[in-house]
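Asker: Just need the whole structure built from these sequences, with the hints factored in.
There are 2 protein chains.
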Amino acid sequence: MNIFRIAGFEMRKRRPILLVAQSYNRREELDPLKRYADIYWLQDLDEGERARVLPQVEVVCSHGWPKSFDRETVSKMRSLRFFQAGNAGVNSIRFDLLDKKVVICSNAGSYSDEVAEFAIGLMLAAGKRIVSFDRQLRAGVYARQRLDDLGRRVAYFRGKTLGVVGYGGIGRATARMAKVFGMDVLAFGRHPIKDGEVRPLSGREGLSRLLKESDVVVLAVPLTKATKGMIGKKELAVMKSNAVLINVARGEVVEKEAMYAHLSTNPDFAYATDVWWPDKGGVESFSPDLPFLELDNFIGSPHASGPSAIISGRVGKGIVENLTRYFKGLPLKNVVDRSEYI
Amino acid sequence: MNIFRIAGFEMRKRRPILLVAQSYNRREELDPLKRYADIYWLQDLDEGERARVLPQVEVVCSHGWPKSFDRETVSKMRSLRFFQAGNAGVNSIRFDLLDKKVVICSNAGSYSDEVAEFAIGLMLAAGKRIVSFDRQLRAGVYARQRLDDLGRRVAYFRGKTLGVVGYGGIGRATARMAKVFGMDVLAFGRHPIKDGEVRPLSGREGLSRLLKESDVVVLAVPLTKATKGMIGKKELAVMKSNAVLINVARGEVVEKEAMYAHLSTNPDFAYATDVWWPDKGGVESFSPDLPFLELDNFIGSPHASGPSAIISGRVGKGIVENLTRYFKGLPLKNVVDRSEYI
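Protein sequence lines correspond, in order, to chains H and C.
Just so you know, we're using our numbering here: the first sequence kicks off at 653 and counts up by one.
Just so you know, we're using our numbering here: the second sequence kicks off at 653 and counts up by one.
Do not take every clue at face value.
Copies of the same chain look alike in the list, so a pair counts if it works inside one copy or between any two.
With a cut-off of at most 30 Å between alpha-carbon atoms, the simulated DSS-like pairs for lysine-lysine come out as follows [claimed, not checked]:
| # | residue 1 | residue 2 |
| --- | --- | --- |
| 1 | K753 | K969 |
| 2 | K846 | K831 |
| 3 | K892 | K880 |
| 4 | K812 | K969 |
| 5 | K969 | K892 |
| 6 | K831 | K812 |
| 7 | K831 | K969 |
By construction, these hints were calculated from the structure, which means they are not laboratory data.
Remember, predicted model here, so these are calculated numbers, not experimental data.
Answerer: Below is the structure:
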């Protein structure tokens with residue numbers, strides 16, 4: 653509780669209200685925040701309680717955008733000043749519904765090591781054809797190959813080139829792991845990259861060079877106006893015919909139709925993705941409306957790279973740290989620039 | 653050609669004959685050996701040529717045991733002194749047919765980095781359920797999970813323990829890569845292990861401790877009398893219920909029936925293998941007679957971890973180096989102790 657003394661009187665500042673929307677149950681992680689705020693859990697509130705609490709909510713902490721947060725509900729949160737996302741990517745936030753005075757922060761960085769490890773897993777599973785081999789063996793259609801033909805189909809990554817598109821936490825962690833495999837790393841980012849271990853690239857030409865020279869490309873950008881569809885027909889056309897493209901960013905960073913056409917006509921090219929295009933309702937869908945799941949050179953996982961960071965506790969730690977900064981009036985981390993999204 | 657001068661006379665030593673049996677075609681790799689020997693390729697010889705050449709063959713270089721090398725054929729190679737395997741594992745050699753005076757060398761070490769990279773690929777593909785996810789998504793049976801449940805199912809390997817069984821070239825290379833992922837490494841070997849980066853273990857108790865403490869176990873032993881069936885019911889019983897067992901050694905190192913029973917009753921345990929049990933004819937079979945390929949916690953690849961080392965040229969280099977040692981009369985590498993196999 654915040655207690656002030658003014659002219660000998662003890663003044664109690666009304667404690668801020670923090671509303672938490674999480675689909676998983678690790679409430680004890682937020683216990684340290686009880687020192688600064690009264691915490692309500694969205695799923696606990698019935699209609700009456702919501703009507704009473706919403707106007708007083710100063711801070712929302714949410715993993716994804718809650719389904720119940722429609723225009724009417726959000727408009728009731730008149731005291732809202734701060735929105736802390738549990739996710740690293742904040743593209744699902746309805747920026748149009750949040751007043752401009754509301755500061756929005758992502759939880760970027762809390763998933764970096766976990767997602768990077770998964771990205772390396774997708775690289776190996778795709779490049780070494782582990783998923784495809786297993787499927788063919790199960791179907792009983794695997795045909796024994798001459799050793800040199802088999803060896804040619806199984807990528808060996810030492811000495812190969814990895815291109816990282818987006819050099820934030822995930823990109824840097826992926827680059828670090830790839831270096832250990834003996835890979836040469838090209839890194840593309842918006843901001844100047846100062847990292848002696850990688851070759852930095854920027855601008856349209858930089859991206860084009862990265863795509864041309866890389867054996868593996870990892871997409872690790874946030875989904876913004878600038879990155880939506882950044883990998884389309886032209887970009888795929890300059891890539892190596894046997895490249896592996898890994899997407900741990902968001903489905904829409906890649907143009908769906910262009911990707912399908914490219915995979916259909918380039919059997920040695922592989923697309924391994926943990927993230928998917930949205931359905932008509934805007935929700936990420938694991939059943940794409942083009943038959944990617946029938947292609948041998950497509951590998952999909954159900955947005956599974958990040959959640960292990962919930963279990964390792966890093967996600968909760970990131971949330972608590974930034975909310976503590978907010979309540980203490982300290983500079984915030986990962987403040988989102990709305991202009992990149994709306 | 654070896655030319656000697658004795659008392660003013662030029663003496664030509666008869667050039668040794670090297671017979672090569674390779675199912676793949678990279679003949680130019682052996683060109684440096686032409687300085688020391690006349691090279692014949694088994695697949696080029698018709699019956700008459702074979703009858704003429706076999707008695708003169710001093711050296712055989714073979715990838716696997718050639719099908720045509722039956723008792724009668726081998727008995728014709730009266731001049732045979734040296735057998736250089738192209739493989740790292742020599743369990744397929746018919747030791748019973750080779751006279752004791754024939755020195756046998758494996759090509760151990762030439763595949764280490766490639767197989768280790770593949771082993772790490774299997775570890776990630778299994779532990780992160782990449783193969784299983786992709787299969788469920790393709791079948792349309794993947795059920796969305798709560799983020800914490802999903803996070804619990806996807807292994808994150810930083811800080812976890814890797815146990816390496818067999819600390820030769822492949823074992824050491826695997827340990828090195830795992831260290832970079834931030835894993836703690838236990839190493840079990842026949843010989844004393846001097847490697848400050850890992851915790852060495854030996855003896856039956858050492859193996860048992862490794863199996864108990866490891867989150868991931870990689871089998872990287874040669875298949876010998878001592879290692880056949882070394883992972884059976886008792887060994888599996890002490891392992892963690894959600895461990896990942898990787899086999900890049902040989903199928904028979906693991907007891908088939910025990911493995912099947914263990915996978916059937918421990919759904920969180922995974923067996924990811926690149927090597928398979930032999931069929932009744934003794935040939936490694938990708939269609940096991942127990943329905944492993946119907947289990948969700950089994951991952952199989954068709955002995956695909958090594959052949960990329962043929963393409964990278966390391967296999968040919970290993971062969972040429974050791975054969976050169978033989979022709980020059982220098983100490984040989986990877987001499988096989990027959991008593992471990994017969």
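Asker: Please list, smallest to largest, the hint numbers that this structure does not respect.
Answerer: none
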